[in-house]
Amino acid sequence: MLLDVQNLETWYGPIAAMKGVNLQVAEGRITAVLGANGAGKTTLLNTLAGVIDPFKGKVLFDGVEVQGQEADAIARRGLVLVPEGRQVYPFLSVRENLMMGAYARRDRDAVERDIERVQAWFPRLKERDAQHAGLLSGGEQQMVAIGRAYLSAPKLLMLDEPSLGLSPMLTHEIFGIIRKIRDETGTAVLVVEQNAAVALKHGDDGYIMELGRIVAADSCAVLSQKEDVREAYLGGGAGEGLSGTQQRWKRRKTWR
Amino acid sequence: MNAMMPPAVTFLGFDTPARVFRARVQEWSDLPALRHKHRGLWQSYSWGAYYAKARAFGLALRDLGMARGEVIGVLAENRPEWLFADMGAQCMGYVGNGVYPTASPDQLRYILQDSACRVLVVENQEQLEKALAVRDDCPDLRRILVIEREGLRNLSDPQVGFFDDFLRRGEELSKTQSPDFEAAIEAGRGADLAFLVYTSGTTGAPKGAMISNRNAVFQLSKASEYLDAGLGDKTLSFLPLCHIAERMASVFNPMALGLVVHFPENAGTVANDIREVAPHIVFAPPRFWEKMHSQIELFLRDAIGPARWVYRHALDAGRAGVDAALEGRKPPRQGLHTRLLATLAFRNIRIFLGLQNCRSALTGAAPVPPELIRWFLSIGIELREAFGMTETAGFAASTPKGGIRLGWAGLPAGETEIRIADEGEIQVRGANVFAGYWRNAEKTAETITPDGWLKTGDCGEISPEGYLAIRDRIKDIIITAGGKNITPTQIESQLKFSPFITDAVVIGEGRRYVTALVMIDLEHVARYAQEQAIPYTDFASLARAPAIVELIQGEINAVNPRLARVEQIKSFRIIDQLLTAEDEELTPTMKLKRKVIAQKYAPLIEGMYSA
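Here the protein sequences come in this chain order: R and A. FYI, in the numbering used here the residues of the first sequence are 15 to 270. FYI, in the numbering used here the residues of the second sequence are 2 to 612.
Next comes chain A alone, as it looks inside the complex (with noise of 0.2 Å):
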């Protein structure tokens, strides 16, 4: 991107991922990698192990007659077929590229055709059909991987095989042509793509992120800066792949600090999985937090007394000490008592929660509200922001250990200079701010400036200390008809800490005072509703009961003292209809869309302003 050469970024004197991961599987040969349910038990895969799946997978990819650069995709829950497919991809010099399982056909359509993707992993027959539906659009597309053979038994297709048997192949090349994979390993430059990662799209189509070997390679180096975690820890790969948060956790951070990798059986054993696997390490958006917290919340409602006398007693004295130690006061004495109270509460809540092990708890991707915060800290675990983006690859910034501040995101990574231009603007530069945008080189000017600064379109500020603070997006803040601008970002990340909203899109654009739709969280309300009797039978009548209603207006009122007098939510309408990640309503990661639905509520809105 710029006419001088960039420094040569390196991680254990290696220029390339592929580089690494062949260096740590001489390491490590025989130490667990990854770990899988299956029928029950874990399963593990060591490094070993890993690298001659990988190395199958990349012959046969070549053996289809494959080329450098060409991209292949994964359309499939995480699980280890998913790492197979991107690493063997990776170290024969083949770009990877993962889909949300919830995407639609119309959506997998146009990434397979913008990708010029040549083989795309299926997980199994229901993402078959998907693949199979839009394959006549896709000329690029030359063969389907399905993993799950389960309903396909008399399946016949001369695209589409199975992955196991595509597998088989790969090891029987492997006897003869492991030196080619190695040659191939040899081959990639830091220069080259490493894989591309699609924006999930908020506003107009998917753009394809290019990562490249050099931004991997940066990140690997970085994961230590970030993470306290070392050889045989553990973590627990539960988010999408295809999100560059996720991928850089599953397949970038084990092989720079040695971790094993746990894969949950399916999206649904999350929680119990947690609990199981322990993970020293997790990553999640604050919307993971905020359900461990209100999941906490509301399990206490239903206990003994003595249990809630302990817990509200404990959390007091935990919250004063937090208090004291934010601010930068000397925690205010307490008896022993009281000490070991919040010992065994809190000790169990952590059990609880599968967090007794975890020494790294990392939150971003959307505002943390303090009081979230405030909470994890109370039971002793230390919720650190981190700030990042697909186009820096992952991290730039995070909360240094031990250095919390309320309200701000962090310092800015090693070697990684941020700063604020116009408008506000955050801006980042570095050795992970990404190649580009896949084909789309009038994107990539507008998203990169010449010298090399990346817009990341978030606007923030920056402290004398050198901490960064995420306001909002640039192009989400309103202006009311009053002139006020309001970052709505930070009122709705106020009002999700509710355990009965989900979540809140906030509008005022050119209004005279600010109103919130809210989308209620269907299991907290529902149990709210029969602890109160109060009759409902499904989600539509449930959202529009009065004693719903009154609520959220209960929350909303609870919020409004600690906003500024225009920001304040003078009105409010509860979505009554259930949303799912297949709606067009959400991103795959659940967030709402805030165009759509403006779009789509239209009427709701209006209501809430004619009166």
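Bound conformation, chain R alone (with noise of 0.2 Å):
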């Protein structure tokens, strides 16, 4: 298991933003994490990242503790964030944004073909390679933040909502070279995502949160045929009803 996380818990002053996550993520595999607003998603891979300190648990990455660790020496391992909207810096160009992401490393050569590299996934990032990354559009800004994290040669990929304020068709743009990044590079991926449509169907195995817990964990094929997931994530199950929403009673359940 490249990464293993037990028991962790993350408080805001007095309110547990997560309680009891027990998360794994297999090398090689892209994991989704689902879940609604304020379920504790952005807050997982923040304290993952070192950004948040967990107030109890373990993060095995690699075999090793991290939890509590500064985040730049997570990131030196390889357990690398791509912060949600993207955070890229504006008024460096395109190319320097993809450098910051390599300012751990000192293998030159390397770098050089890796920025070749994402220049391959992403041939608009090449188109503009001098621009201001505050002048791109927002999905070129999710390509450049994404580029950048694989800069710094990551082991685990960790993608907070790279579908945010993109259009679905840039969604599966960006879900697709996020596979591509897999298939050619073995890096294992851990995306959060509300767009459970999406993620489920790019993803390989995935956790649904609520309120700061895992409420259901499956493979992702599993879990979008399971009935109350589609209900609640998936727009399906019963028809429309009178206000225009489907019917909700049937959403009281709980997750089996």
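Think of the hints as simulated: they come from the structure by calculation, not from any bench. It cannot be assumed that every hint is accurate.
Stated by the list, open to error - Straight-line alpha carbon distances no greater than 20 Å define the calculated EDC-like cross-link-like pairs of lysine to aspartate or glutamate that follow: (1) Lys292/A <-> Glu247/A; (2) Lys240/R <-> Glu424/A; (3) Lys70/R <-> Asp16/A; (4) Lys240/R <-> Glu583/A; (5) Lys215/R <-> Glu41/R; (6) Lys72/R <-> Glu532/A; (7) Lys402/A <-> Asp423/A; (8) Lys402/A <-> Glu532/A; (9) Lys594/A <-> Asp107/A; (10) Lys70/R <-> Asp303/A; (11) Lys140/R <-> Glu130/R; (12) Lys70/R <-> Glu524/A; (13) Lys476/A <-> Glu447/A; (14) Lys292/A <-> Glu372/A; (15) Lys240/R <-> Asp584/A; (16) Lys235/A <-> Glu28/A; (17) Lys176/A <-> Asp165/A; (18) Lys240/R <-> Glu124/A; (19) Lys240/R <-> Asp197/R.
To be verified - Cβ pair distances, simulated, as ranges: (20) Gln44/A <-> Asn51/R: 25 to 35 Å; (21) Met591/A <-> Arg131/R: 51 to 61 Å; (22) Asn267/A <-> Asn51/R: 35 to 45 Å; (23) Asn267/A <-> Leu178/R: 30 to 40 Å.
The structure displayed is predicted, hence computed values, not measured ones. Glycine included, each C-beta is placed from N, C-alpha and C at the ideal position.
With the hints as a guide, dock the two chains, each given alone in a separate frame, to form the complex.
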């Protein structure tokens, strides 16, 4: 197991944002964590990346306990976060942004090769090589953010809502490239998403979070067939009701 | 039901609840009757306003062409509108009926058809969808009224209207037709139906129990016998109003005693609301009280050392006093220091639970673990047992104040006879015995003997002092392969006392030994898992975790020594699905249905006997 999260618990002051989260990411697989607003998905990634210190629990990355370490130390180990909302450096060029990802690396030749690789995945970034990243479209910025993370030579790439603010077509494109990254480089991916349909379609393993807890865990293929998942996250199940939403009484269901 | 005329039953000289209601409204017109939360603030309805709303609803119903004795239904959580509809119907001589908000469309269809419901009040869009899904099968249903408008702006359906529009129409009618409403109240007779209560139906289809005016008035006259409360005292209405106990507590007891009924914001805020309201009366099933107990136990586990020490110390001291009092001995002498500690610790616990004003704490509807009563006595709450059922229109026996005897449910209520018949069956006779099942003479005849005794289906015994003990449902009694009779409910109630066990089903019919299926309490078990760093993802993996199985085994090992040898639980399995009231395994009151469980989990059960 590349990443093994055991009983992780994170508090914001008096509020427990995440309680007893257990989750595994296998090498070379895409693991998706789904959940609504406030389920604790971003808290999970931020805790794993060392941005927040957990209150309890263990994070075993590559067999080593990394919980509570500084964010940069964790990133150097190869556990790399693509934060929510891209967070590119707006006044640096696309290339400079990518180079920032390789800040901790000394192998210049390999860095150059990786930049070429990113440019092959995202031809658009090659076209806009010298442009300020702040002037790119949302989708392009997401590409920069993923490329930048890749340049830090991750073993595990953590993506926080890559579909945020992107058109459905672009979302599929981004996920297609995430798969490509996995297939070509064997990098494991942990992706957190509200867009359950896309995440379940492209992911290998899936977890569903609600109110800071994991409520369901299975392969994405199995999850997407489950009736309660379909009703709550995929807009399936019952037909349209009076208010234009689906029939709600069926949704007060627990996870089976 | 008898050939002879039953003696008249009156309260304040009136023989129908509608007349008592009117008299109380005249007496208490400006005093608060109902309170509900609106946008976080408590709003009151006075008795006068309550009456005006009920009158408007009743007159508007008549305007639809309803006739006396026809049925209206309410499908909503507890809220003032529920009572407006119910009392409005009763005053007009119509019959009110509640449907559990958790009912499925199929259950709703059955009840609407069986009761020939004419008008259905639904809470919101969600409940309306259920009604619309089944209305084509319910030819008697004339109109559906929706209380909350949210999400229904574009609704246009000739059969569906809004509750507030309907009330406004009624208020318009009240201006000219008030005398008709008064006349309708006058026309009511003691033998008329007051309302229907559908039994939850753990076996077979639900049956509509007919509660007559006479039954209701009898219970009104007994309220002060069960409850120590007076004008202006508070209650919280948080159990389903379709259930007889809450119907009595929220509609009739207030009329008898002048209570102010508070409605929680929603089902999820009950713990906060009870703290805020601090009611004088609390009636709830044992499950509710168990939750309070485990809440405190777990809360104190996380508390700082000194707080834990004070609690344990005070609890031991309290328990010593309680045991002495229960056995009729003189309580041991305690130093000023200990008494002061106890006062401080328990006062805070009572405030934390919202019980600081509570003078009447009652429980019933399921066996009560003696440990639970002992704990509440120790913290200064006299948790009394009461016995009753839908068919007795509420209580039929209760523990008198200061008369708790562990394991015994109490003394028969005034003018109520209780006897033990064949098979140890408890039978009840009195003016609280219901009028029979709605349109089901066959079942009625099976349930009430020709000379008026109600067969409760419970078995029990009566002590020489007249105390009643309930052992179990007769049909639930287990006979093992060894020929021993076992009362599963008693064993289950001991198991349920553990904070980690929500419910359990004991199995052993025709078997060599007794086993149990256990439903774990997600909140407390998850917390335990987190404390002990036991990895789990979803509910199923939690239920299967070896450390959790060990935990439950420990809880069972703690109970076993208290059981007779043949009753001891030799094996158990944890149900690895999280069940909610919508699931068929549970009754609307969250009890496991023995038969359904036995069927659904047959492989699990067989697994406990195969090895």
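How the hints compare with the structure:
1. Lys292/A <-> Glu247/A: Holds, at roughly 19 Å.
2. Lys240/R <-> Glu424/A: Measuring from Cα to Cα gives roughly 48 Å; hence the hint is violated.
3. Lys70/R <-> Asp16/A: violated, 64 Å
4. Lys240/R <-> Glu583/A: holds, 18 Å
5. Lys215/R <-> Glu41/R: holds, 19 Å
6. Lys72/R <-> Glu532/A: The hint holds at about 13 Å.
7. Lys402/A <-> Asp423/A: The hint is violated at about 31 Å.
8. Lys402/A <-> Glu532/A: violated, 41 Å
9. Lys594/A <-> Asp107/A: holds, 18 Å
10. Lys70/R <-> Asp303/A: holds, 15 Å
11. Lys140/R <-> Glu130/R: With Cα atoms ~9 Å apart, Lys140/R and Glu130/R stay inside 20 Å; holds.
12. Lys70/R <-> Glu524/A: With a Cα-Cα distance of about 18 Å, the restraint between Lys70/R and Glu524/A holds, given a limit of 20 Å.
13. Lys476/A <-> Glu447/A: Roughly 15 Å separates the two Cα atoms, so the pair holds.
14. Lys292/A <-> Glu372/A: Status holds; Cα separation ~13 Å.
15. Lys240/R <-> Asp584/A: holds, 17 Å
16. Lys235/A <-> Glu28/A: holds, 18 Å
17. Lys176/A <-> Asp165/A: Judged against 20 Å, a Cα distance of about 17 Å means the pair holds.
18. Lys240/R <-> Glu124/A: Violated, because 30 Å separates the two Cα atoms, which is more than 20 Å.
19. Lys240/R <-> Asp197/R: Status violated; Cα separation ~27 Å.
20. Gln44/A <-> Asn51/R: 25 to 35 Å: holds, 31 Å
21. Met591/A <-> Arg131/R: 51 to 61 Å: holds, 57 Å
22. Asn267/A <-> Asn51/R: 35 to 45 Å: At 20 Å between Cβs, range violated.
23. Asn267/A <-> Leu178/R: 30 to 40 Å: Given range 30 to 40 Å: holds, Cβ gap about 32 Å.
Figure legend: structure checked against the earlier numbered hints; hints not met, in rising order: 2, 3, 7, 8, 18, 19, 22.
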